[in-house]
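Chemist: Quick note: the sequence shown uses numbering that gives the first Met the number 0, first residue 0, plus one each step.
Worth flagging that the hints you see were computed from the coordinates, not collected in a lab. All C-beta atoms, glycine included, are put in the ideal place defined by N, C-alpha and C. One or more hints might be untrue.
[Said to hold, decoys possible] Simulated DEER-style distance windows between Cβ atoms:
{"id": "1", "residue 1": "Gln-67", "residue 2": "Ile-97", "range": "38 to 48 Å"}
{"id": "2", "residue 1": "Leu-46", "residue 2": "Ile-178", "range": "34 to 44 Å"}
{"id": "3", "residue 1": "Glu-179", "residue 2": "Ala-36", "range": "17 to 27 Å"}
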Amino acid sequence: MKYISIFLLCFSFIFLNSCGIENYIYLTPVTAITKTADTISVTLPLLSDQPVDYFSGYTIYYRIYTSQNNLTSIIESSNYGDINSAMSTDYSKLSPYISTDSFNSINMYYFFNSIGFSQLQLDNSDMINLLKTINNFELQKNENGLILKNSSNNYSLIRINKEAFVYKSDLSGDDVVVIENHISAYAMFIIFAYGVDEYGSPIFSRPTLLGVLQLPASK
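With the sequences and hints as input, model every part of the structure.
Modeler: And the structure:
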């Protein structure tokens, strides 16, 4: 009986360590965000808050929505339907993943691409590398478009078609939801941390909704 008990104990140990339990690696999400009507201020988690062997960096995704309304105050989730019904629909798809008490082991790249979001880029600079070297930044609206601003530099944001984030009457593209009779446009931004686990598979933090900014009108 003693030998049977030892055998069962060893078998259980091997089974639990090889078959039934995953080693979940937690990447700290971005949570320190403040907003005004024209600016989203972001503080990234400290590097010491991330698992150094598995953390790679941060990436930002966006989607643009044309609108029949011109909103001048801070845009909250209650305004999304007023901007464009598609923005409200997208937010409902995002909500289960951006909830502070949820975890979903999905590939965020595939998820955001599947719902029409695109990876944010910088003009004449690399967004991925930049986010590895700064702790604080702002996404900001100015008269020429949208910019990423940190303590030392301003970087123009560009869309996947390399155009600036500006509103114009013929605004279109794979990154834009267009409705009829639009007079304005808005961009929604999402950020998440990413990395790889011990097996080389991609891992992600919970995504964070940074907010929504109105695009300035083209000159």
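Chemist: Determine for every hint whether it applies to the structure shown.
Modeler: Consistency of the hints with the structure:
1. Between Gln-67 and Ile-97 the C-beta distance comes to about 27 Å, which lies outside the given range of 38 to 48 Å.
2. A beta carbon spacing of about 42 Å between Leu-46 and Ile-178 agrees with the range 34 to 44 Å that was offered as a hint.
3. For the pair Glu-179 and Ala-36, the beta carbons lie near 26 Å from each other, so the given range of 17 to 27 Å is met.
The structure is inconsistent with hint 1 alone, although it conforms to all the rest.
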